[in-house]
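Peer 1: The residues making up each chain are set out below.
Protein chains: 2
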Amino acid sequence: MDLIIKNLGIESGGKPIVFLNVLDADELGVSASGRLQINSGRSLTVIVNIASVTVQKGYLGISEEVQKILKLEQDSVVDVQISPFPKSLQFIRNKLNGKKLTDKEIHEIVNGVVNGNLNENEIAAFVTSLHIQGLSLDEATSLSSSMVMTGKQLVLNSPQIVDKHSIGGVPGDKTTLLVVPIIAASGLIIPKTSSRAITSAAGTADRAETLMPVDLGIEEMKEVVHKTNGCIVWGGALDLAPADDIFVKTEYSLCIDPLLLPSIMSKKKAVGATHLVVDIPTGRGAKVKTIGEADLLAKDIIELGKRLGIYCHCVLTYGEQPIGNTIGPSLEAREALEVLMKTSQVPDLFDKACHVAGSIFEITGKKNGFELARDILLSGKAEKKLREIISQQGGQSEIKPFDFVIGTNTFEYRSVNEGQVLWMDNNIMVEIARAAGAPKNKGSGIIFNKKNGDKVSKNDVLFTVYAEKSPKLSRAEQILDEKMPMGIGDKMEMLIHRVKESPVVRRSFILDR
Amino acid sequence: MDLIIKNLGIESGGKPIVFLNVLDADELGVSASGRLQINSGRSLTVIVNIASVTVQKGYLGISEEVQKILKLEQDSVVDVQISPFPKSLQFIRNKLNGKKLTDKEIHEIVNGVVNGNLNENEIAAFVTSLHIQGLSLDEATSLSSSMVMTGKQLVLNSPQIVDKHSIGGVPGDKTTLLVVPIIAASGLIIPKTSSRAITSAAGTADRAETLMPVDLGIEEMKEVVHKTNGCIVWGGALDLAPADDIFVKTEYSLCIDPLLLPSIMSKKKAVGATHLVVDIPTGRGAKVKTIGEADLLAKDIIELGKRLGIYCHCVLTYGEQPIGNTIGPSLEAREALEVLMKTSQVPDLFDKACHVAGSIFEITGKKNGFELARDILLSGKAEKKLREIISQQGGQSEIKPFDFVIGTNTFEYRSVNEGQVLWMDNNIMVEIARAAGAPKNKGSGIIFNKKNGDKVSKNDVLFTVYAEKSPKLSRAEQILDEKMPMGIGDKMEMLIHRVKESPVVRRSFILDR
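Respectively, the protein sequence lines represent chains R and D.
What the first sequence shows, in full-length UniProt numbering, is residues 1 to 513, in sequence order.
What the second sequence shows, in full-length UniProt numbering, is residues 1 to 513, in sequence order.
Since the hints were derived computationally from the structure, they do not count as laboratory data.
Hints should not be assumed to be uniformly reliable.
It does not matter which identical chain is meant; a pair holds if it fits inside one copy or across any two.
To be verified - DSS-like cross-link-like pairs, simulated, lysine-lysine; straight-line CA separation at most 25 Å:
#1 Lys381 <-> Lys450
#2 Lys400 <-> Lys440
#3 Lys57 <-> Lys469
#4 Lys249 <-> Lys15
#5 Lys99 <-> Lys287
#6 Lys100 <-> Lys455
#7 Lys99 <-> Lys289
#8 Lys458 <-> Lys384
#9 Lys451 <-> Lys367
Isolated chain R, as found in the complex:
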């Protein structure tokens, strides 16, 4: 059917969608959420929306996304056909009905996701099926590979590329800001991509952004790594594993993450990682609640890595309270810088960074990794390296702790009794920091005076909330009126234990959690 292009000038969040008059839709035999093929030079599959007023019979309303791909002129005529039933949808239905998917089938699905050939309903059904039915190691491997194959890749000419990842869930975790320079200073190559906060008070990209630009393109990233051995850039604009970005959106909206491991691995594979250490913060306040659960996850990660050619170790770390003494992008970046400059001692952050960096050293064949990491940090080489990276990414390499702009509206939260800090509630801490403006207001957040195990006297300041804007401070105070963010307990070491390769291969490998 020939239709006249009408650019509606609307955006549809990356998906190529069109609006079709109900009469034309009827004639073509397509319904809402159905698929059409537009043939105009190249051919594009688009998802159909039905209109009865906006788009008149004989017209095809297109979104900015379609315009961007096909570059169609207003009032030009295109040929439109009903799209053949995508094979990928049949495969999604198979998974929905409990069948295991082959590598080829998964590749077809991932392709359909990236090309916009599958609609939102179908992607949500796929993600839901993976959550309920679980996914096998084979399927997880195929998903990782397919997500890499359908995106851009960073190609560095190096036989050994290392990386680190944290499962997340613990606030204040600025470990990456220490680990990357330690590793890069040792001569190993670490092309670190990281994310911005979605539900947390700061992502690594948010923290790093207070030191330097992080919105680099893939070629710029390559250049920085070439010159400094490392980088800390935002992964969101690099188009590495774009399918993953789409899956993550769906997972986020449903609060499930069946694709957690393929997601991590695809991003690491896309930057060419050969060695990877995954940090699994563990504890009541973290994403992974128990050591048993963390051990299972660690084994899955190690097995999946093996299949993808990434040698992995996992470190299970103490995740029952924030890492270090700060939450919020600027406060955290400043704290990391102070530890690198040795102007401040933050034992748990120091310990965690040296364990993670040390594990990276050990999986690449070095001995006494923790000591090696600690020595690089204490020697000042890590600080020097971070400043090199800042400079190469376009930041002020001479940045000093007092350069960070911190919110001037403050509120001190004091103890009403005495004792020892027994517990801290990570979720409430994040809620307070977000209410105060983090991560958007980079200078908002929390500084802790007391943490788990610390002795506390009556009326001691437990922590101080910082906000750039005073109404936001009031919102944070309001939360503190209603909720209890801290209790009393015993101090602990950071590292619970470390998982190396799993000696026994389990028979029924199910990643489903």
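For chain R, the structure is supplied; the task is to place chain D on it using the hints.
Peer 2: This is chain D only, laid out in the frame that chain R set:
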């Protein structure tokens, strides 16, 4: 946050959606597919799309749907807040994780679906979960009730209201066009709503539409029933169980139907049915393949009916070939009229109609239902009743068989060998009829000369394809070049058997198929 209204003039298929500039979204802390509450006189929850060009910072782009509900003036200012996390989403997540839902929880979900409070992803995840996890009888009951409660209802002042439904899947099934007038002629009240074809060659509404208008409102429908005891109207515009219409769209796109029974029952309950006969066409070519499967389904229907206060029987009918000798809206309506007028004998259609109508008579306490139905049909009272209904619905009550406009482009499909018809492929027959233009071109379809068990000589015409437009006939011929629609076998009676109330209540009631 105060935002300026910008009506984008686009339709979003019934769902209230808005477009928000990425900066404002960030400020509000909402992401794509998230929920906002617009407060302007009344408050409305809307689903968020993110724009960066279309909608500038400080503006709120709204769809026609939002405009229709809130009646906002261009450039007026509204207060917009992030919507609280809907409880219904928590309940969907519970189902996703295998928990059984309570009546209250299901009601909350159904409400969320109808109010537009749940986005497409979430509805797809719910439907997928129901498909994989199954639903209990309690859940099915709650779903049916909630779907009724969130829609309009037909209120007739009668202690006994009967209805019929077919599970479908067999082409050429014009049984309803005979059953409604037989029942109405007997004095029973049968307010029949029916659907249009989605994937089939004709729905009952498509067939009936060649006799009379079927797009009646609920008050008009009531009037027709009041005057004639029956009606045959399209259910799509009545707003009975609107949640069901939304679920069905999602199910259709995923080719699953976990809500099949709640869907049927909600529509019946909404018209106030007290007695219901459900036809389950059974056989290799039908939706339900085996008698065992049909029996299980029948028991579920009967149990669910019991809980909802609808007394149900099921009839399992032969579904391995089309019903009667025609497929296509006009051809089928003409055939039904001819049987009512006794100008044509169609034994399987006659048999099926009398069994279904007879079962309705028997569940309302009459004896020898089949004979009663047959007598009404043969007496001419059913024909007279249909003409009354046609007249009341605004059609030409004097319509004669030769008044139907049938496509003049025809193609005869002939036998290449001799024997007996062993089988007919329902799916291929539908594909041919649809290629020829049905259901859109009402005069397109198929007339059969031979059916299962019939003796066939070489070169006999097996069936003739009719198309209103000649290119469509060519498409149908093309399918016949590639596919084999018929084989050879033994004639059978229509009724396999009839299921009355299940004597034993099964312990683990799972509707999941």
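Peer 1: Hints first: check each against the structure and report whether it holds.
Peer 2: Here is what the structure says about each hint:
Taking the shortest alpha-carbon separations for Lys381 and Lys450, neither the intra-copy value of 30 Å nor the inter-copy value of 89 Å comes in at or below 25 Å. Taking the shortest alpha-carbon separations for Lys400 and Lys440, only the intra-copy value of 22 Å comes in at or below 25 Å, while the best inter-copy value is 73 Å. In the homo-oligomer, the alpha carbons of Lys57 and Lys469 lie at most 25 Å apart only across protomers (20 Å), although the nearest pairing inside one protomer, at 52 Å, exceeds that limit. Proximity of Lys249 and Lys15 under a CA criterion of 25 Å is satisfied in both settings, with 13 Å inside one chain copy and 20 Å between copies.
Taking CA atoms no more than 25 Å apart as the test, Lys99 paired with Lys287 passes between copies only; the shortest distance there is 21 Å, against 29 Å inside one copy. In this assembly of identical chains, the alpha carbons of Lys100 and Lys455 never lie at most 25 Å apart, being 54 Å within a copy and 46 Å across copies at closest. When the C-alpha separation of Lys99 and Lys289 is checked against a cutoff of 25 Å, the pair qualifies only between copies, where the shortest distance is 21 Å, while the shortest distance within a copy is 30 Å. When the C-alpha separation of Lys458 and Lys384 is checked against a cutoff of 25 Å, the pair qualifies neither within a copy, at 42 Å, nor between copies, at 92 Å.
Taking identical chains as interchangeable, the C-alpha atoms of Lys451 and Lys367 are never at most 25 Å apart, the minima being 33 Å within one chain and 82 Å between chains.
Hint check: violations occur at hints 1, 6, 8, 9; the rest are consistent with the structure.
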